[in-house]
Amino acid sequence: MEAFAAESGGMPQLNPEFWISQIFWLTLTFGILYIILSKLILPKISDNLESRKSQILENIEAAEKQRENSEEKLKEYEEIVSKSKMEAKNIFNQAREKALKDISAKKEVLDKQIDEEISKAEQEIKELQSGAAEKINKIAIETSSELIQKLIGAEVNNSSISAIVDDLSKRSGDKYYGN
Amino acid sequence: MASNPMTQFNVHRIGPEIKIGTFDISFTNASLFMIISSVAILIIFNLGSKKNSLIPNKIQLLAELSYTFVSKMISDTAGLKAKPYFAFIFSLFMFVLFCNMFGMIPYTFTVTSHIIVTFVLAAFIFIGVTIIGFMKHGFGYLKLFVPSGVPAVLLPLIVVIEIISYLSRPISLSVRLFANMMAGHTMMKVFGGFVISLGIVGGWLPLSFSVALTGLEILVAFLQAYVFAILTCIYLNDALNLHH
Chain Y
1 MEAFAAESGG
11 MPQLNPEFWI
21 SQIFWLTLTF
31 GILYIILSKL
41 ILPKISDNLE
51 SRKSQILENI
61 EAAEKQRENS
71 EEKLKEYEEI
81 VSKSKMEAKN
91 IFNQAREKAL
101 KDISAKKEVL
111 DKQIDEEISK
121 AEQEIKELQS
131 GAAEKINKIA
141 IETSSELIQK
151 LIGAEVNNSS
161 ISAIVDDLSK
171 RSGDKYYGN
Chain A
1001 MASNPMTQFN
1011 VHRIGPEIKI
1021 GTFDISFTNA
1031 SLFMIISSVA
1041 ILIIFNLGSK
1051 KNSLIPNKIQ
1061 LLAELSYTFV
1071 SKMISDTAGL
1081 KAKPYFAFIF
1091 SLFMFVLFCN
1101 MFGMIPYTFT
1111 VTSHIIVTFV
1121 LAAFIFIGVT
1131 IIGFMKHGFG
1141 YLKLFVPSGV
1151 PAVLLPLIVV
1161 IEIISYLSRP
1171 ISLSVRLFAN
1181 MMAGHTMMKV
1191 FGGFVISLGI
1201 VGGWLPLSFS
1211 VALTGLEILV
1221 AFLQAYVFAI
1231 LTCIYLNDAL
1241 NLHH
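Chains as they are written, first to last, in my numbering: chain Y, 1 to 179; chain A, 1001 to 1244.
Hints are computed from structural coordinates only; laboratory data are not their basis. All C-beta atoms in this analysis are idealised placements derived from N, C-alpha and C, irrespective of residue type, glycine included. Relax, there's no trap hidden among the hints.
Here are a few chain A residues that face chain Y, going by a calculated C-beta distance under 7 Å:
id, residue
1, F1009
2, F1023
3, I1025
4, A1063
5, Y1067
6, F1095
Heads up, simulated DSS-like pairs for lysine-lysine below, C-alpha to C-alpha not over 27 Å straight-line:
id, chain 1, residue 1, chain 2, residue 2
7, A, K1050, Y, K44
8, Y, K53, A, K1058
9, Y, K53, Y, K65
10, Y, K65, Y, K75
11, A, K1083, Y, K44
12, Y, K44, A, K1058
13, Y, K39, A, K1050
14, Y, K53, A, K1072
Can you make the complete structure from the sequences, with help from the hints?
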């Protein structure tokens, strides 16, 4: 029977000699393969895949959490920076105001002093102005009396000279003083 | 003998004849390659599931990619209800794939090139799916043969066609795989024979054909395993969800 195919030239597949044997061994090997795969190996692979999936998910979650944390930290940091910026601005403003106040106060004091000195000087000038005419008259009288004495050798009464000087100065006073 | 392209499909006994009653269940080269395929699958997936590292090594990646590939295929075609049958479809896909792939190695035996093997698998799927359908829907499962929106005049004809197409499922499923494997391997053998007979002068053309065919056959080996598994999923989908 073994040479059946070669002799007849047909298909060995249609030779039923070993059909039962093939069915038996197919059932046996495939059955064992199925049992081992389904009971032992496939659950392990499935577990491996699941655990990897869950691990990856966990890692992603952890990464997300850390990202959130870092974002929070960044926000805090920014807040601190903006707060300190504001503080610095405040301090600067205060210092400026204080400096301005100081300056204006000093300026006022100085202005007052200057005003006082100006008014004092003005008064002195006025006093000097009012005293000047009399002094000139006096000098004029004295010089004229001395001149007269030297010229004519006679003593002239001071009162008569002063009358003349007064008269003269009154006449020409307008020319010099504008009174 | 070597020039006959069909001798590669011969089944022969390895070791003594084993009989249970009148049945001959001797260990043959077919049995040997069934065992080799199964053991290869078990070794690869055992290695691939042993360590659970966050970053998988190559063999773990292979196992996990196969797992997700099959599980995606099932959920895409048969939905979430098919989850209990995942292990069966995974085993089926891997068994057919490995048998097909081992057949690509020269001097090996292709288990799936035998109609009896593919037919037993297909018949098992057919019976199982039918049982699942009746268990889920009772006699309502018969509605599968009565598509909605068909004129009453055509209905008897349609029902007959539907029943025939349903009953021919195991045949189409098994013949598709078996014929693909057998045809591919026969072609390769024929072209290989041409290389020898045409010799150093004319042998280059069939040799290049042979090389190209090897690539094609590897593709077919994968594709037929995939088709076998996905058709099982589609049949399962009919049984589980019943919307025609």
